[in-house]
Amino acid sequence: MSFVYLGCLLFSIAGMALLDWRHQLFWFADCKRAAIVHGVGLATFLLWDAAGIVFGVFYRGDSPYMTGIELAPELPVEEVFFLFFLCWVTMVVFTGSMRILTHLRSTDEPGPEPTGTGTPGTGGGRP
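Residue numbers (the UniProt record's numbering): 1 to 127.
These aren't lab readings, by the way, just hints derived from the structure by calculation. Errors might be hidden in some of the hints.
[Claimed, not checked] Now the in silico label distances, taken between C-beta atoms and shown as ranges:
(1) Phe3 to Phe58: 48 to 58 Å
(2) Leu19 to Val77: 21 to 31 Å
(3) Gly96 to Tyr65: 48 to 58 Å
(4) Thr90 to Gly52: 26 to 36 Å
(5) Pro64 to Phe28: 34 to 44 Å
(6) Leu18 to Leu42: 18 to 28 Å
(7) Gly15 to Gly52: 26 to 36 Å
By construction, the Cβ of each residue, glycine as well, lies at the ideal position given by its N, Cα and C atoms.
Can you make the complete structure from the sequences, with help from the hints?
Following this line, the structure appears as structure tokens:
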């Protein structure tokens with residue numbers, strides 16, 4: 001039994017929490033909304049996994065880095081932590097991207113054209 005993969009997932013989740021806290025992107029921006037979105041996303045992915053397991057698409061491979069603990073046949077405990085991380089990183093990237101785009105749009109207002117652009121002595125570069 002090894003906790004390497006689970007430890008890496010927990011370390012990544014901690015990093016995501018720190019990034020989220022620092023920039024107030026998802027959980028630290030609106031806890032109630034984040035709980036709903038994160039819960040629905042996690043449930044959707046777990047249902048997807050269950051369907052894949054039932055139809056024989058997904059199966060648990062052997063790995064020396066996993067704990068070997070299964071929540072259900074072919075569903076290792078690490079999968080839940082991975083899906084939790086996947087939902088969180090997706091929402092942090094989405095909300096962070098939206099914040100950046102909103103900032104860029106608000107600072108990208110057309111202003112007066114700069115004077116003196118062009119070759120000196122040609123009237124500012126205009127024909």
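Hints and how they fare:
1. Distance hint check for Phe3 and Phe58: the Cβ-Cβ separation is about 22 Å, which falls outside the suggested range of 48 to 58 Å.
2. Our hint of 21 to 31 Å for Leu19 and Val77 holds, since their Cβ atoms are close to 24 Å apart.
3. Roughly 30 Å separates the CB atoms of Gly96 and Tyr65, a value that falls outside the hinted 48 to 58 Å.
4. Taking 26 to 36 Å as the suggested C-beta distance range, the pair Thr90 and Gly52 does not conform, at roughly 19 Å.
5. Here the CB-CB span from Pro64 to Phe28 is close to 36 Å, well matched to the stated 34 to 44 Å.
6. Our hint of 18 to 28 Å for Leu18 and Leu42 holds, since their Cβ atoms are close to 20 Å apart.
7. As the Cβ distance of Gly15 to Gly52 is approximately 28 Å, the hint placing it in 26 to 36 Å holds.
Of the hints listed earlier, those the structure fails to meet are numbers 1, 3 and 4, in rising order.
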